[in-house]
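*Asks:* Residue-level listing of the chains:
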Amino acid sequence: MQHESGSFRDRSNRVVYHNGEVYRMLDSDALASWRDISATEFFERALKRGDIVATAETDQLAAESSARKWAGALKHERIPFVSYPYEWCFGMLKDAALLHLDLLLEALEEGLMIKDSSAYNIQWRGTKPVFIDTPSFEKWNSGEPWIAYRQFCEMFLFPLMLASYKGVPFNTYLRGDIDGIPVEVCSRLLSFRDYFRRGCFSHVYLQSKLQKRYSDSNRDVKSELSSAGFHAELIKINVRKLKKLVSGLTIGISKTTWSDYEAVSISNDTYTEGNQQQKADFVRSAVLSKPQSMVWDLGCNTGVYSRIAAESAEQVVAMDFDPLAVEKLYQTLKQASSGNVLPLVVNIANASPAQGWRGGERKRLEDRGKPSLVLGLALMHHLVLSANVPLDQLMGWLASLQADLVLEFVTRHDPMVKKLLLNKTDNYSDYTIENFEELIQQHHQIKSRVELNNRQRVLYHCIAR
Amino acid sequence: MLRFAAAVLLYSLFFPASAFAYLDPGTGSMLLQVLLAGLAGLAVAWKYLWKQVTRPFKRSSGENSSEAKPNEEPETNGKAQ
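Chains as they are written, first to last, in my numbering: chain Z, 109 to 573; chain D, 42 to 122.
Worth flagging that the hints you see were computed from the coordinates, not collected in a lab. Predicted model, so just to flag it, every value in this text is computed and none were measured. Even glycine gets a Cβ: it sits at the ideal position worked out from N, Cα and C. Please note: incorrect hints may appear among the correct ones.
What the hints assert, rightly or not - Straight line, CA to CA, 35 Å or less: simulated DSBU-like cross-link-like pairs of lysine-lysine:
id : chain 1 : residue 1 : chain 2 : residue 2
1  : Z       : K344      : Z       : K320
2  : Z       : K351      : Z       : K471
3  : Z       : K247      : D       : K88
4  : D       : K92       : Z       : K349
5  : D       : K92       : Z       : K352
6  : Z       : K442      : Z       : K478
What the hints assert, rightly or not - Some chain D residues judged to face chain Z by a derived CB distance under 7 Å, without partners named:
id : residue
7  : Y63
8  : L64
9  : G69
10 : S70
11 : L72
12 : L73
13 : Q74
14 : A81
Work out the full structure, taking the sequences as your base and the hints as a guide.
*Replies:* Structure follows, in structure tokens:
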């Protein structure tokens, strides 16, 4: 039995792994609460819809649990690939926020509460958000305000507001502080004009002032509010208003920018239509060459090849450093109800690190799953020539993934490479096709190779030795 | 860090009944919820404020009441940290 290093904040339960399955150990209070909550109509409905991770009580870990003084255990459905809010695009954080609010509203109707509002409690099956932290549901204590309102603001509302109102992608902020954006920080980031925008005055300005005013207070405000007659309807009103506010937030980029973005990405792709078809066929046949449990598409852009891989692979994780490209892919996948592609905002030159308490709360990208195939199309020249990653280090990292590879080598004759080198001193003597082929064959065997665009670009399908 | 530890201590002293809530709700954030509810929160706000206004008078009539003591104790604890 292996403990999940990120599961410790709520002492009443702990996630563990055993024989490749996910379990949650519960103390006696959490077990009693689970039995009550799981019997409610709300919980049954949400499980059925797939809004809450499939969960059932189990006695498979009975010996283990009693030895460690746990009262019982739950078995959870396994999420294909764990991701974090700082890897999500705007639409994903927004949909996760709406799922949280919907579940809270529905839970309140049956006298239940969600005791925290951590965005990490939401994971993804493709483009469908799933609530995974079942012990977060508990009976609502009559007269108690929404304890996790502040956390909802810090982890969902403020990042979304900053992205929508200021055009600032929240990813770096959420990666910088895994607990979200504190109200006083959000308040400083907004200008006077912003306080006229929806939600800013009340949720940011007032909350920040009140928090400051009462920061040294040692009064039991919770009890005071309860005795003043605080009731569930007040929470429901607030949650409904928040739903409206979040629903109305749009990514802080105009339509023109969107269409420009599309045009730029098309013109950047120097392929003719025939070559594009050839590239698509090459990727398709590489994915089909064996059963693929998980494909990583690194530098996926708007996900053309991720979707090709998804035709036959079980799961695809599509990653790009551009939040807009990922947003576009997410919206496309959502419309197509594609269930096996997870789009993520990841910069391969600076991928998500291990962080949080003892570096164990949030895991490195590479520690969250093993791909069977990695696509790196039109990626390497950006990493070597723009991010200055030496080619041998890049190949070493790709080899460490122990997966088959589909790579595209963009030669120095390609217009994009010429453009990248235009204003730089060319000290990239390692960036040659000969060096690439030598390096790749240290850990892989080249199965097939095809030249495109007058030999300006070469595709490789490489099998891990 | 000391301030944080003091805050945790204060919190644990004053909210013993809510040991299950591992999250700090934030005093200001709790009060804001009454305002956010608009008209529906008026009655609660009025009752809450009325209690605040009348509290000092209640306290002065019973200075030795056990209610007043904990308000001083944790402050010293906080400083001692």
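*Asks:* Run every hint past the structure and note whether it holds.
*Replies:* Here is what the structure says about each hint:
1. K344/Z <-> K320/Z: This hinted pair holds, its Cα atoms lying about 26 Å apart.
2. K351/Z <-> K471/Z: Given that 35 Å is the threshold and the Cα spacing comes to 31 Å, the pair holds.
3. K247/Z <-> K88/D: holds, 25 Å
4. K92/D <-> K349/Z: holds, 28 Å
5. K92/D <-> K352/Z: Holds - the C-alpha atoms of K352/Z and K92/D are around 33 Å apart, at most 35 Å.
6. K442/Z <-> K478/Z: This hinted pair holds, its Cα atoms lying about 25 Å apart.
7. Y63: holds, 5 Å
8. L64: holds, 5 Å
9. G69: holds, 3 Å
10. S70: holds, 4 Å
11. L72: Holds, because the Cβ-Cβ distance from L72/D to chain Z comes to roughly 6 Å (cut-off 7 Å).
12. L73: holds, 5 Å
13. Q74: Since chain Z brings a Cβ to about 5 Å from Q74/D, closer than 7 Å, the hint holds.
14. A81: OK, holds: A81/D within 7 Å of chain Z, min 5 Å.
Comparing the model with each earlier hint shows no violations; every hint is respected.
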